[in-house]
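The whole structure should be built from the sequences, with the hints applied where relevant.
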Amino acid sequence: MSAAFDVRYTAQLARLHLSEAEITKFQAQLSQVLAYVEKLEKVDVSGVEPTAHANAVFNVFREDAPRDWFTPEDALANAPRSANHLFIVPKVIE
Amino acid sequence: MELTSLSVAALQEKLRNREVSAPEVLRSLEARIAQVDPAIHGYLSRDFDAALKLAESADVSLPLGGVPIAIKDVINVSGEPCTAASRILQGYRSNYDATVIQKLKAAGAIPFGRCNLDEFAMGSSTENSAFGHTRNPWDTSRIPGGSSGGSAAVVAADEAFASLGSDTGGSIRQPASHCGCVGLKPTYGRVSRFGLIAFASSLDQIGPFTKTVRDSALLLNAISGRDPMDSTSLAEPVPDYTAQLGRDLKGVKLGMPREYFIEGIDPQVDAAVRAAIRHYESLGAEIVEISLPNTEHAVGVYYIIATAEASANLARFDGVRYGHRAEGAANLLDQYGRTREEGFGPEVKRRIILGTYVLSSGYYDAYYLRAQKVRTLIRRDFTSAFEKVDAIVAPTSPETAFKVGDRSDDPLKMYLADIFTIAANLAGICGLTLPCGLASVDGQMLPIGLQLLGKPFEEANLLRIADAYEQSTDWHRQRPPV
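Protein chains in written order, with the numbering used here: chain A, 8 to 101; chain B, 87 to 568.
Among these hints, one or two may not hold up.
Where chain B lies over chain A, by a calculated footprint (3+ residues, C-beta under 8 Å) [what the hints assert, rightly or not]:
1) 10–19
2) 23–29
3) 50–64
4) 68–81
5) 85–92
Under the rule of at most 35 Å between Cα atoms (straight-line distance), these lysine-lysine pairs were calculated in the DSBU-like manner [claimed, not checked]:
6) B:Lys541 to A:Lys46
7) B:Lys474 to A:Lys46
8) A:Lys46 to B:Lys499
9) B:Lys191 to B:Lys139
10) B:Lys339 to A:Lys46
11) A:Lys46 to B:Lys489
I should point out that these hints are in silico values taken from the structure, not numbers from a laboratory. All C-beta atoms, glycine included, are put in the ideal place defined by N, C-alpha and C.
Okay, here's the thing in structure tokens:
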């Protein structure tokens, strides 16, 4: 399976630019890690349910009640760019 | 005895007897940090004036009244930076308190100082920090462990009375072991994760670093409990974790898992842990050999599940709402890609790539789903072991602290450093490490940690078993040469 591993393509999926040097290095390092984790192929998991979480807790609800929380100023306090209570991003619609 | 070398409990006694005031304590601590931290670099930042304000109005009658506590730089404290040791969060300032910080403040404690870590808590040596390595106080040419290396080093070097860290695959227990302090990873769901920067949400848990087992119990008392802001925190009752301390070990059964005493483990570590187990026997505990047959799969399962969760959690760092943003991007996708390229360090990039790959179309079943199934097998190992024993004793790490630079370019070798701590996170159980010996390596003494693993929500029992060892040995009194 690790033979199909392609850092360049996966980085695109992750919205992460990489340098050519990083691509070469990560390809080698992560192929080694994948070869290691592929030992799990040998484990018999027939009939075993997956565990997503340590505690089997389902449907945790809370009252939908208003409470004090961030003001717009608080929410924007760390924004790289903002104006008029909005985050500014590059234009996405032509 | 220097004020800064006191335990939390001993410090509180002095505060309550008015032998010392909270501002005096803070000033002594600041002086100690100024003296030793240039060699250790356990702190990324600290706000003395803000802490002094809290100290001046401290109510020493509260459970942790007037006690300064250092915080891993991945837990939000209002008004302070929270960088996760990443360039992507350089300049970020929290505008809310994590639940554990609200609880510490309500108990009278003073959050003081932001501790260094591996970037986004990803690593076992604190070498992945974007802001410089932390050094081991026992030998500054060695790593303190990680990812909470700063939290461990500052407690060991008496630059903090106690600290908070987070443990996803051993990030509290492994550095505590390497630095010679007590480190506790609570049961998953015992402590709220609200305000902790998420790494792997099904594994992360916040816990204390302390100089004694009693201090660990005191901090756990303060931070435990159900939180409406974290739906995975559970409403299990919070006992007084100090109540069971001092009880003898008659009738206690301790399991010795044969998979944790394997070839490749450092002989000095093996000998110290075996000696500790014999000591438990002499204290009245019964030692039972057990098997956790799926132990060998834990590292593989972990590096699939943890990276998968991390790749999703770190998607939020996009340069829009907070943190670093790349300049001059051609469009939004270019802005995401370049912001993340510039902001993340190599280990974080590696894990995002690995996590994205194991979740990607065509590979999900083979990697992620299979890992989740093997995780079930690992949980079952512990469930059946705990039918026979009250707790498990094992080494925390197969080795003592390694040299700075030894593994920084070999990810797989670095990942194997967590071989004995990871299973507890996958199973969601509680675990603790305490000092049980010193190894002599190249003429330096290096701490060895004894790991105790307990049933879910039985921290009280784990602390009692740890306390019995600590109270009858001297290892916790050994201090580093710094």
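Quick rundown of the hints versus the structure:
no. : hint                 : verdict
1   : 10–19                : holds (count 5)
2   : 23–29                : holds (count 5)
3   : 50–64                : holds (count 11)
4   : 68–81                : holds (count 3)
5   : 85–92                : holds (count 4)
6   : B:Lys541 to A:Lys46  : 28 Å, holds
7   : B:Lys474 to A:Lys46  : 29 Å, holds
8   : A:Lys46 to B:Lys499  : 16 Å, holds
9   : B:Lys191 to B:Lys139 : 13 Å, holds
10  : B:Lys339 to A:Lys46  : 33 Å, holds
11  : A:Lys46 to B:Lys489  : 29 Å, holds
Checked against the numbered hints given earlier, the structure satisfies every one of them.
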